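Enquirer: Given next are the chains, with one letter for each unit.
There are 2 protein chains.
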Amino acid sequence: MIKAHGYATHHSFSRLKLLDFEREEAGPRELEIDVLFCGVCHSDVHQAKNEWSNTVYPCMPGHEVVGKVRKVGPGVTRFKVGDVVGVGCMIDSCRVCAPCKAGDENYCEGPNSWLATYNGPMVSAEMAPTKKNMYGRDNTYGGYSDVLVVKEDFALRIPDALKPEVAAPILCAGVTTYSPMKHWKVAPGQKVGIIGFGGLGNLAAKIAKAMGAQVTVFTTTEEKLDEAKRLGVDGVKEDDKKALAALKLSFDFMLSTIPEKHNVNPFIALLKRDCTLTVVGALEPLSPVNNQEVAFHRKSVAGSLIGSLADTQEVLDFCAKHGIGPDIEIISIQEVNDAYKKIEDGDVRFRYVIDMASLKTESAT
Amino acid sequence: MIKAHGYATHHSFSRLKLLDFEREEAGPRELEIDVLFCGVCHSDVHQAKNEWSNTVYPCMPGHEVVGKVRKVGPGVTRFKVGDVVGVGCMIDSCRVCAPCKAGDENYCEGPNSWLATYNGPMVSAEMAPTKKNMYGRDNTYGGYSDVLVVKEDFALRIPDALKPEVAAPILCAGVTTYSPMKHWKVAPGQKVGIIGFGGLGNLAAKIAKAMGAQVTVFTTTEEKLDEAKRLGVDGVKEDDKKALAALKLSFDFMLSTIPEKHNVNPFIALLKRDCTLTVVGALEPLSPVNNQEVAFHRKSVAGSLIGSLADTQEVLDFCAKHGIGPDIEIISIQEVNDAYKKIEDGDVRFRYVIDMASLKTESAT
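Chains as they are written, first to last, in the working numbering: chain U, 449 to 813; chain F, 449 to 813.
Only chain U is shown next, with the shape it has when bound in the complex (with noise of 0.2 angstroms):
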């Protein structure tokens, strides 16, 4: 077994804070990473609050690692010590049911579904039909840590252009608004529209811009009008109804990143007829879809859940090629629990991303 530490929280309402645990050592087909940085995702925060009802504690967040590769199994082909590579929201799925065979893991219809990087399998042994769990973990630990052992196949190779702490938010934030862009074609000269301007949204909209998309996002926040105009995208005030009414039928695609219960109806009325609006950003049920503004055009709401490992590296690469990445702010672990705070109240315009460098210190001591 391996000594290793992290940061958790025990109950809903409690703090993160450093927990000592052990990991498994890497299998013959594993890898054994030392975490340089983890991002902060909004679902590290639902997740760790238990806002989805599934929690399992003790809770240790964290799906956009970065670190080293400090041991290989055996049977290890594509990595070796030394190299930086990625781990993002998977470390695991059942591998032999349509989707996985298709290589859209994120989709597994397994029992159990795929294991999650952390908070274990994403079906648990009480609600998969086989009243089994196939992955014989129930909770799994997440990248808030110095050590990480994973798959081979469920890593991922940083391209040598992007930095690891900038590299780590595209693992969930980069894929999950890359892969429903690509998967519903978005392409050179469309308008694209990107609801809500946080940190998937920020993302997103460079993404869109790098794909040659023109480029809309749609925020609560005035200030944040600055920032569009910083990436050359254009920023529209999400209650401005004049500026609204404008854009009617006129979107080719929308994204919608707000990660709560929302009202897509003023959305859908923008996107030009037998197009798209798909949410990413919430796992809950919207606010009443008004059917009438989703007829009249033969439009449709769609949903999309991260993206597949072969979207991750693409997405990677992507963000490498075109120049881009998250707008980050590195914090230590000790901030953590303030940082959610920040994030809860909307108080965001970067991505957070975790030195765990600064987890060395206190776990020695």
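None of these hints come from the bench; they were simulated from the model.
The structure presented is a predicted model; accordingly, all values stated were derived computationally and were not measured.
Do not take every clue at face value.
Chain copies aren't distinguished; within one or between two, either way the pair holds.
[Claimed, not checked] With a straight-line cut-off of 25 angstroms between C-alpha atoms, the simulated DSS-like cross-links for lysine-lysine are: (1) K451 <-> K709; (2) K528 <-> K689; (3) K720 <-> K579; (4) K451 <-> K528; (5) K689 <-> K579; (6) K549 <-> K720; (7) K696 <-> K720; (8) K657 <-> K630.
Chain U is already provided as a structure; the job is to place chain F on it using the hints.
Expert: Okay, now just chain F, sitting in the frame of chain U:
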């Protein structure tokens, strides 16, 4: 001017009764039609009672019209006196917008959208960006009348193999269900779910079956399960949780024909990954869609509105070819208020079709 007679209502709360009125005579490229039969659509009830807050009174419903051509304008090329023709939901459109040019008149984006067979333009002058009415008519009188005048472009050929009274509901209920099944590419061997088993659902099930799909209908009414059996399709009670659980992730396409606000979440769960549930019955806010159900398998919830002229001709020919059509119950125009009551109570197993000959005796007195 032509002296005409029909059944109309003057208020949301009053019954339909005889109205004497006048229609313009057929212009150069128009047809005058002796109405033989007119289907009763659930939307007639919504409209007569102003349930969409856009009814223009007097309101004379009827957009499932089959009649015999009695006069043609001098420029008419496609029809001759004596032809049996159909008129569906539209009698004109802007003809210059992108959807019209693409043959999607039902998604007309002209300032007043399309001109409805009754109740005038879909977008009134007040609601139009131009504040004008390009059709010059605020109101139109539908097929609950003895005579109709229509542009030949908006008249459909009724195949010889279809009885006129059977053809009538195909002009709205038929194309409303056929068009989305064609658009979302329903194919032989696919599993198709039809939600709601009234007038639309009955016809949808027959059409899907004729397309080669394996069809399941979902109904709240125990007795309608026998009806499903009679049609050779599977029937499931909507509240049969065990049956629904067994059908999870199994449908290639689902069509909701429920004509009012409803909860689509239990049905979204039945869709396969990457598949679509299309709502055609309700034109109002649905119950909140749970995006977790949608996103976890990249599903879509879409809407569709009737169908194009080309789709309407196609579904008429398709029904003739496959020997299918709606189950109908012929009523007299004098019975229409009672029929409305039964439709509102969900107490209908058939599509009501009015034999317009019944109007003659009354209008002659």
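Enquirer: Could you run down the list of hints and mark each one as holding or not?
Expert: Here's how the hints hold up against the structure:
{"no.": "1", "hint": "K451 <-> K709", "result": "neither (40 angstroms within a copy, 56 angstroms between copies)"}
{"no.": "2", "hint": "K528 <-> K689", "result": "neither (55 angstroms within a copy, 51 angstroms between copies)"}
{"no.": "3", "hint": "K720 <-> K579", "result": "between (45 angstroms within a copy, 22 angstroms between copies)"}
{"no.": "4", "hint": "K451 <-> K528", "result": "within (22 angstroms within a copy, 89 angstroms between copies)"}
{"no.": "5", "hint": "K689 <-> K579", "result": "between (50 angstroms within a copy, 18 angstroms between copies)"}
{"no.": "6", "hint": "K549 <-> K720", "result": "between (34 angstroms within a copy, 15 angstroms between copies)"}
{"no.": "7", "hint": "K696 <-> K720", "result": "within (8 angstroms within a copy, 32 angstroms between copies)"}
{"no.": "8", "hint": "K657 <-> K630", "result": "within (13 angstroms within a copy, 34 angstroms between copies)"}
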